[in-house]
Amino acid sequence: FAEFDDAANLLAANPDATTISIDEPVEIPKNQHSRLQEPGREEDDELLGTDDSDKTELLAGQKKSAPFWTFEYYQTFFDVDTYQVLDRIKGSVFPVPGKNFVRLYIRSNPDLYGPFWICATLVFTIAVSGNLSNFFIHLGKPTYHYVPEFRKVSIAATTIYAYAWLVPLALWGFLMWRNSKVMNIVSYSFLEIVCVYGYSLFIYIPTAILWIIPQKVVRWVLVVFSLCLSGSVLVMTFWPAVRDDNRRIAVATVATILLLHALLAVGCLAYFFDAPEVDIPAPIIPAHNGTTVITKSH
Amino acid sequence: FPGLADVSIPQDIPVEGEITVPVGSHSPDEDYSTLDEPVKDTIMRDLKAVGKKFVHVMYPRKSSALLRDWDLWGPLVLCVSLALMLQGGSADSKDDGGPQFAEVFVIIWFGAVVITLNSKLLGGTISFFQSLCVLGYCVLPLTVAMLVCRLVLLAGMGTISFIIRLIVVGAMFAWSTLASTAFLADSQPPNRKALVVYPIFLFYFVISWMILTFTPQ
Numbered sequence: 001f002a003e004f005d006d007a008a009n010l011l012a013a014n015p016d017a018t019t020i021s022i023d024e025p026v027e028i029p030k031n032q033h034s035r036l037q038e039p040g041r042e043e044d045d046e047l048l049g050t051d052d053s054d055k056t057e058l059l060a061g062q063k064k065s066a067p068f069w070t071f072e073y074y075q076t077f078f079d080v081d082t083y084q085v086l087d088r089i090k091g092s093v094f095p096v097p098g099k100n101f102v103r104l105y106i107r108s109n110p111d112l113y114g115p116f117w118i119c120a121t122l123v124f125t126i127a128v129s130g131n132l133s134n135f136f137i138h139l140g141k142p143t144y145h146y147v148p149e150f151r152k153v154s155i156a157a158t159t160i161y162a163y164a165w166l167v168p169l170a171l172w173g174f175l176m177w178r179n180s181k182v183m184n185i186v187s188y189s190f191l192e193i194v195c196v197y198g199y200s201l202f203i204y205i206p207t208a209i210l211w212i213i214p215q216k217v218v219r220w221v222l223v224v225f226s227l228c229l230s231g232s233v234l235v236m237t238f239w240p241a242v243r244d245d246n247r248r249i250a251v252a253t254v255a256t257i258l259l260l261h262a263l264l265a266v267g268c269l270a271y272f273f274d275a276p277e278v279d280i281p282a283p284i285i286p287a288h289n290g291t292t293v294i295t296k297s298h
Numbered sequence: 001f002p003g004l005a006d007v008s009i010p011q012d013i014p015v016e017g018e019i020t021v022p023v024g025s026h027s028p029d030e031d032y033s034t035l036d037e038p039v040k041d042t043i044m045r046d047l048k049a050v051g052k053k054f055v056h057v058m059y060p061r062k063s064s065a066l067l068r069d070w071d072l073w074g075p076l077v078l079c080v081s082l083a084l085m086l087q088g089g090s091a092d093s094k095d096d097g098g099p100q101f102a103e104v105f106v107i108i109w110f111g112a113v114v115i116t117l118n119s120k121l122l123g124g125t126i127s128f129f130q131s132l133c134v135l136g137y138c139v140l141p142l143t144v145a146m147l148v149c150r151l152v153l154l155a156g157m158g159t160i161s162f163i164i165r166l167i168v169v170g171a172m173f174a175w176s177t178l179a180s181t182a183f184l185a186d187s188q189p190p191n192r193k194a195l196v197v198y199p200i201f202l203f204y205f206v207i208s209w210m211i212l213t214f215t216p217q
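Chains as they are written, first to last, in UniProt numbering: chain A, 1 to 298; chain B, 1 to 217.
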């Protein structure tokens, strides 16, 4: 900052300068100095801008300092704005290959808003869509009487909340145990894992709505498609955390994650949505009194 | 008391004062004491307050009466009447029917508590019971919808009846959501309004679904 010192000295030397001609040469060097200064400052800002994860991590260390029995402690888990939640949802639906969901979107600010309300929406979407789909499938039958099937809401709630909280707990425990044996570069906190799992369930909401369509092929295509999207988010998040470990354990961990995710999707499809009727023209059996009986197969 | 032996009070310092407090006028006391009024006055005052809040919900204006003088009588009456009207649904087996009385009760109260906690955790400035009061009172349009649905179902159960019910429930659902958002939105931080409004939308959607899918025996 030598140039600044010179300009300051010049200004200090002529504090009472009244003529403009004396001021201008003083001002011009100052402008030149400030212009020279700015590119340097911009470079510093760029360096800081791309690396603000360091800054946010430092801030995160100071953030959660309230004791866990106060309300403020839990408020730190809801410190997100609308656009941040929407960004995280977008990141879970369109996974960028090679970019880690946690590092890119969560950045040491895990929230509980997304996981909780995405799970609540998914519970009611599955229950409502299953009910609607069963209604449309059985619509023409004379013996069918519509029932709201309200019991299934509590079953759906138990399943989905158990998946979204117990599986991250188990995974976090497993990763901590492996961390004590093999030093991994990447490690996640429990809340970050809950966050990833919660946001990765978002794709199942439009999938559940589209499962109303009573075609087996359509439903299975949807299962595979949504599994690919949300599974890839999970794989890209957890592969860096286990790849330094023993090869077989790493592959087994990622495979288990994907298997449980697939099991959730297939289980929900099988339990909440009745199988659509397949219209196979069955052989017509002439009965004794002349009426024909056409049998339908499932 | 050994330490006090040296203390002596001179005889010529007068110690005097008044023990009795002058009795003031009774009028401030009489304004706040409701112990002596007839029971009819007490009940009518509370009923009028509840009725005024019902009117505020049906015609939502920017008045703070709902928030300032919160009470939970209105929500209780609405919740009980809605849960009672949802009884008597059909079921092939015990498990497949509509929601039981306890389920409706739990959904409404637990749902309102969760939404209130959510808005407070996101930084809202509304108090816990004020928010419960608003959410409970805004169930009124849906209770009216339930009444209309039961009357329509008495007439018949065909497609026309379903369409009428769908339109009525849809309109009341929109009314409930807009009314509660109008009362609650001002107390939220501006860049999180959508995060607070969405759970309210989900809450009234679930109640509307329960009303729409009600089928009598």
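Simulated from the structure, these hints should not be mistaken for laboratory data.
The model shown is predicted, which means the values in this text are computed figures rather than measured ones.
A virtual CB, placed ideally from N, CA and C, is assigned to each residue, including glycine.
Incorrect hints may have been included.
[As the list claims (entries may be wrong)] Beyond 10 angstroms from chain B on every Cβ pair, some chain A residues (computed):
no., residue
1, Asp81
2, Leu191
3, Val223
4, Ile249
5, Asp274
[Claimed, not checked] BS3-like, lysine-lysine: derived pairs with alpha carbons at most 30 angstroms apart:
no., chain 1, residue 1, chain 2, residue 2
6, A, Lys181, B, Lys52
7, B, Lys52, B, Lys120
8, B, Lys40, B, Lys120
9, B, Lys193, B, Lys52
10, A, Lys99, A, Lys152
11, B, Lys52, A, Lys90
Outcome of the hint check:
Separation of A/Asp81 from chain B is inadequate, the least Cβ-Cβ distance of about 5 angstroms not exceeding the 10 angstroms criterion. Chain B leaves A/Leu191 outside its interface by the beta-carbon criterion, the shortest separation being 14 angstroms against a cut-off of 10 angstroms. Under the 10 angstroms C-beta cut-off, the non-interface status given to A/Val223 relative to chain B holds; the minimum distance is some 25 angstroms. Against the 10 angstroms criterion, A/Ile249 stays outside the reach of chain B, whose nearest CB is about 38 angstroms from its own CB.
Every beta carbon of chain B lies more than 10 angstroms from that of A/Asp274, the smallest distance being close to 13 angstroms; the non-interface claim holds. Only pairs whose Cα atoms come within 30 angstroms are accepted, and A/Lys181 paired with B/Lys52 is rejected, the gap being roughly 67 angstroms. Between B/Lys52 and B/Lys120 the alpha-carbon distance is near 27 angstroms, which keeps this suggested pair within the 30 angstroms criterion. Simply put, B/Lys40 and B/Lys120 have alpha-carbon atoms about 38 angstroms apart, too far for the 30 angstroms limit, and the pair is violated.
The hinted pair formed by B/Lys193 and B/Lys52 meets the criterion: a straight-line CA distance of about 27 angstroms does not exceed 30 angstroms. Taking the CA atoms of A/Lys99 and A/Lys152, the gap is near 38 angstroms; set against the 30 angstroms cutoff, the hint is violated. Between B/Lys52 and A/Lys90 the alpha-carbon distance is near 44 angstroms, which puts this suggested pair outside the 30 angstroms criterion.
The structure shown violates the earlier hints numbered 1, 6, 8, 10, 11.
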